[in-house]
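**Student:** So the chains spell out like this:
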Amino acid sequence: MKAAVIVFPGSNCDTDMSYALSDFTDAETVDLVPYTAESVAEYDAIFLPGGFSYGDYLRSGAIARFAPVMQSVIAEAEQGKTVLGICNGFQILLEAGLLPGAMKRNKDLKYICRTVDVKVENADTRFSGEYEKGETLRIPIAHGEGNYECDGQTYETLKKNNRIVFTYEADVNGSTGQIAGITNEAGNVLGMMPHPERAMETLLGSEDGRRLFTSVYRHWRDTHVVTT
Amino acid sequence: MSLQLEPTAEEIHAERLYADIGVKDHEYERIVQLMGRKPNYTEIGLFSVLWSEHCSYKHSKPLLKQFPSTAPHVLQGPGEGAGVVDIGDGQAVVFKVESHNHPSAVEPYQGAATGVGGILRDVFSMGARPIALLNSLRFGPLTTPRMRYLFEEVVAGISGYGNCVGVPTVGGEIQFDDTYDGNPLVNAMCIGLIDQNDLQKGIAAGVGNTVMYVGAATGRDGIHGATFASEELNEDSADKRPSVQVGDPFTEKRVLEACLEVAKSDALVGIQDMGAAGLTSSAAEMASKAGTGIAMNLDLVPQRETGMTPYEMMLSESQERMLLVVEKGKETEIEVICEKWDLETAAIGTVKEDMRLTLTFHGDVVADVPVTALTDEAPVYDVPSEEPADFREHQQRPVWQPQSSDYNETLLQLLSQPTIANKEWVYDQYDHMVQTNTVVMPGSDAAVLRIRGTEKALATSMDGNSRYIALDPKEGGKIAIAEAARNIICSGAQPLALTDCLNYGSPEEPSIYWQMEQSTAGMSEACRTFDTPVVSGNVSLYNETNGEAIYPTPVVGMVGLVEQLDHVTTQPFKQAGDVIYIIGEAEPAWGGSELQLVEDGKISGQVPTMDLELEQARQQQVLAAIRAGLVQSAHDIAEGGLAVALAECVMGTELGADVSMKDDVAELFAETQSRYVISVAVEDAEAFEQAIPAARCYGTVTDEKVLRMKTTEGQKLIEQPTDELHHVWKGAIPCFLKSKA
Amino acid sequence: MVNVHVYITLKEGVLDPQGHAVQNSLTALGYEEVEKVNVGKWLRLEVADGNNLDSRVENMCEQLLANPVIENYTYHVEREAKV
Amino acid sequence: MVNVHVYITLKEGVLDPQGHAVQNSLTALGYEEVEKVNVGKWLRLEVADGNNLDSRVENMCEQLLANPVIENYTYHVEREAKV
Ligand SMILES: Nc1ncnc2c1ncn2[C@@H]1O[C@H](COP(=O)(O)OP(=O)(O)O)[C@@H](O)[C@H]1O
Ligand SMILES: [Mg+2]
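Protein sequence lines correspond, in order, to chains W, X, D and V. Per the UniProt record's numbering, the first sequence starts with residue 1, numbered consecutively. Per the UniProt record's numbering, the second sequence starts with residue 1, numbered consecutively. Per the UniProt record's numbering, the third sequence starts with residue 1, numbered consecutively. Per the UniProt record's numbering, the fourth sequence starts with residue 1, numbered consecutively.
It is worth saying that the hints were derived from the structure and are not from the lab.
Selected chain V positions facing chain X (in silico; Cβ < 7 Å):
no. : residue
1   : Gly13
2   : Val14
3   : Leu15
4   : Pro17
5   : Val69
Chain V is nowhere near these chain X residues, computed Cβ spacing over 12 Å in every case:
no. : residue
6   : Glu15
7   : Ala205
8   : Leu260
9   : Lys330
10  : Val380
11  : Ser511
12  : Glu525
13  : Ala576
14  : Gly601
15  : Thr700
16  : Lys716
17  : Leu737
Chain X stretches covered by chain V per the calculated footprint, using a threshold of three residues with CB under 8 Å from any CB of chain V:
no. : segment
18  : 212-223
19  : 248-256
C-beta atoms are modelled at their ideal positions from N, C-alpha and C, and glycine is treated no differently.
Could you build the full structure based on these sequences and the hints that come with them?
**Tutor:** Put into structure tokens, the structure is as follows:
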């Protein structure tokens with residue numbers, strides 16, 4: 001698997017994400033790809049990291065959505081390639097229209113950095129295959145605008161089609177339905193606010209994030225390496 | 001103001017206009033002497049900032065000299081952007097603390113944010129990647145809307161800036177006291193990590209080399225910030241509002257990445273951030289350190305506003321700017337890197353042999369000053385010092401006795417004091433995990449960061465209890481250093497070195513100067529005992545409101561080295577059945593204690609004594625026991641005494657404790673120094689007792705969530721459910737903030 | 001040169017946590033006459049006047065300045081150049 | 001009931017990183033005619049009409065809504081209740 005971690009100006013979880021991929025999966029290549037890159041077509045999976053792209057000025061993700069590399073990211077996503085956005089990456093995917101809904105400021109208007117309980121709602125996606133449905137994960141959140149908003153109809157659709165992959169076990173930020181992570185209709189794009197790349201080692205508090213990355217890797221292996 | 005409207009050299013003299021920008025009469029005369037003529041407006045502006053306390057340390061230099069600053073492991077002591085300490089394997093740790101007190105009092109969000117920005121630049125200008133931020137804060141009681149506003153905004157500013165740049169804020173400390181009501185303190189510390197080969201210095205070496213400007217464009221913000229920081233706050237302070245700068249962490253992040261790339265380029269000769277006094281101090285100091293001169297064409301300075309004068313450009317404190325000296329002919333190497341990060345650059349000057357700072361603007365020479373006159377010749381004052389009357393008085397008072405008889409109630413009261421209460425409300429707003437190295441997060445004695453690729457880690461803590469220093473500056477100064485070291489020890493690390501921020505009132509007041517002398521003497525003595533040199537620091541004076549000075553508040557930021565990750569130790573109890581040991585005897589010295597403050601509403605009398613030899617010996621014993629794997633948890637006994645320390649060990653766990661002791665209020669609440677609470681697995685108890693003979697067994701960790709303290713005769717002293725303790729301790733600060741009164 | 005003022009708020013029905021917080025603070029300060037607060041954005045753009053100003057401003061809003069999923073926008077053009 | 005609209009911007013000369021970022025982004029999107037952007041706040045207050053409306057609104061602005069150290073504010077009162 002060749003993985004791209006996109007570096008926007010202001011990304012700051014890019015290296016953490018690349019450690020998660022290179023130290024804990026068997027990915028052959030993990031590249032930090034600058035926002036100016038014209039194409040990410042050569043990669044099997046594309047990761048949008050956390051941080052404050054373009055300072056998160058105006059709205060989180062609003063400006064990054066137009067970064068040069070995003071055209072190719074959008075094109076690859078539409079063709080079914082694996083795209084994962086974490087935190088700011090999720091916000092960018094929302095602004096880019098690859099996922100439905102929008103982010104508002106946390107309900108108490110404060111940035112929150114804390115390890116929280118996250119529930120696996122759907123273990124049948126390429127991002128969550130190695131988890132058990134209903135399992136509780138300890139994963140850090142770190143965001144000021146993670147209050148997920150969508151209209152009632154969108155919410156019903158998300159629910160009905162099992163596109164809600166992760167929820168918070170407590171109402172940490174005001175999100176509709178305590179949503180922590182959703183996929184697109186095709187299931188190849190996931191956005192989530194919690195930071196699995198910060199939950200890779202017990203030394204740092206939790207290793208519950210590992211299986212997210214190994215799930216992505218296994219999905220790729222299962223769909224690509226069959227013949228060899 | 002246009003250039004034509006500027007006062008002439010004659011007018012500056014005749015109308016004493018220099019006084020308006022903080023230059024004293026005799027200083028002005030000295031300037032005229034050094035220059036051989038009267039300075040024009042731009043020139044007097046340069047002197048006013050470089051000769052301000054903030055840049056020249058004119059009242060504090062002699063005191064700073066007492067600090068030990070060398071040791072085999074010190075690679076760079078005071079004098080550069082930050083201190084540098086060897087941690088082995090060719091790596092070094094780079095750190096410094098800086099104050100942003102006055103700006104934060106006027107505009108708390110931006111004041112605190114730009115304080116973080118400034119200290120980050122001090123560290124990455126050395127070529128080091130910032131890996132951690134800490135902060136030390138002082139506020140008045142949270143009982144007024146104004147103070148709650150200041151507190152909330154300062155925390156938001158620190159969080160807004162540090163989180164965006166992507167450097168984890170891993171620790172710090174906060175105290176609340178009436179003394180800071182009009183003058184809160186905001187000190188920020190940054191730690192960086194570097195390969196020793198990549199170390200940079202702020203020097204303008206090599207005649208003919210190019211002086212380059214990198215980063216945000218210059219605006220009129222913060223003009224006179226540096227002198228502002230050296231004046232007392234008074235009712236007019238509101239009028240100085242334009243001197244508040246606004247930070248742009250997004251630009252800082254790009255400047256950071258660009259500078260770390262630039263630092264690897266052999267085109268770079270020297271680099272320094274434009275901090276206080278902006279272009280003036282960076283240019284003058286870089287030239288001074290290299291023994292060269294700099295000629296700059298101010299027309300080439302990137303400008304955000306139109307019509308800026310040389311005075312304004314030189315004194316602007318616009319943030320997120322760096323000054324570089326680049327080998328002649330290799331400017332494009334730097335430009336390419338900056339372009340990649342979408343940053344403005346401009347070649348604005350040249351390194352000269354003449355040791356002068358020469359500025360041109362619209363074709364005219366607008367300033368021409370010997371560099372040494374600005375830097376080395378800055379005045380240093382021999383300040384009169386006088387022991388204040390109340391010092392003797394406190395020393396001679398009869399020993400203070402607490403009235404407390406309901407110990408349960410007292411413990412809950414102590415836990416709900418904002419100074420002792422849980423600070424989660426604060427550090428939950430800081431991203432303390434980004435960069436994925438934070439092994440021990442905020443909330444324990446010291447934060448611990450692993451060093452990726454090694455088995456080592458860094459421990460760091462900020463401390464400084466000003467109440468002891470107010471009553472007894474010398475003992476208090478020792479205690480500040482000792483407490484920081486003890487926190488480092490408890491986390492399993494050997495203290496390496498420290499940075500300090502000296503926050504005081506006006507040094508021109510003899511009794512305050514005496515406090516400065518005494519406290520720094522105490523600190524120096526402690527530093528020598530622990531072999532923890534002072535490698536960097538900052539001085540913030542004139543912390544007064546309407547003539548009322550704050551308590552003398554030196555703050556210590558210490559860094560230690562954990563040799564092996566499995567030495568990392570934290571304060572909560574780990575397992576039922578573990579044996580609880582206390583090291584050190586309680587003594588009835590209550591001056592400056594939390595209990596005294598709770599009972600009397602003020603502090604008085606004698607502070608706990610500090611036996612440095614004993615302290616050092618115990619620290620090493622505790623560290624040895626930790627390294628030998630004998631320790632499950634370690635916590636020092638500080639504010640609120642043993643009862644509070646034990647409560648802190650059970651809170652947040654599923655455990656309780658059963659201990660018995662003498663029936664003595666000092667045993668419960670005294671803040672006697674050099675004491676620890678340590679829990680040890682039963683099978684290691686014997687070995688632990690051999691390792692630390694002074695340790696006495698007080699009881700055991702239980703799986704019943706209750707803290708029980710009783711007399712050796714079995715009589716109840718304190719009995720509180722762990723959850724109740726936690727509830728009170730955790731709820732205190734949010735509760736204050738919710739109150740509307 | 002004209003000044004274009006763009007006003008952006010959350011759509012009706014989208015909970016506004018900021019507005020809510022401001023209203024609570026106002027009540028606490030004794031401004032009980034304030035019954036509701038919405039917090040939005042106001043952008044001031046200095047734009048070279050030209051053809052299609054309106055349609056270009058609308059495009060800017062739809063593309064970047066507002067998020068149509070949760071926000072509404074209005075704008076007005078101030079033709080007299082500011083002094 | 002009246003609607004009070006409060007407009008808040010940074011004072012002249014104060015760095016506006018948001019405005020700067022928005023302008024850069026607009027330029028990148030081809031809106032080169034935009035020469036400057038300032039990002040401010042717009043608050044809409046539903047207020048029970050009464051005596052001293054103006055002075056009370058000014059007090060709200062000074063005390064809470066704007067930060068007079070770095071911000072300026074203006075406001076206008078919309079008397080016809082909105083439908
Ligand atoms: N209290 C102190 N103890 C030790 N060194 C100090 C102290 N205060 C300042 N220094 C040192 O003096 C030098 C100049 O400090 P400062 O002017 O604050 O730096 P900057 O120009 O980066 O703001 C620095 O190297 C700093 O570490
Ligand atoms: Mg500096």
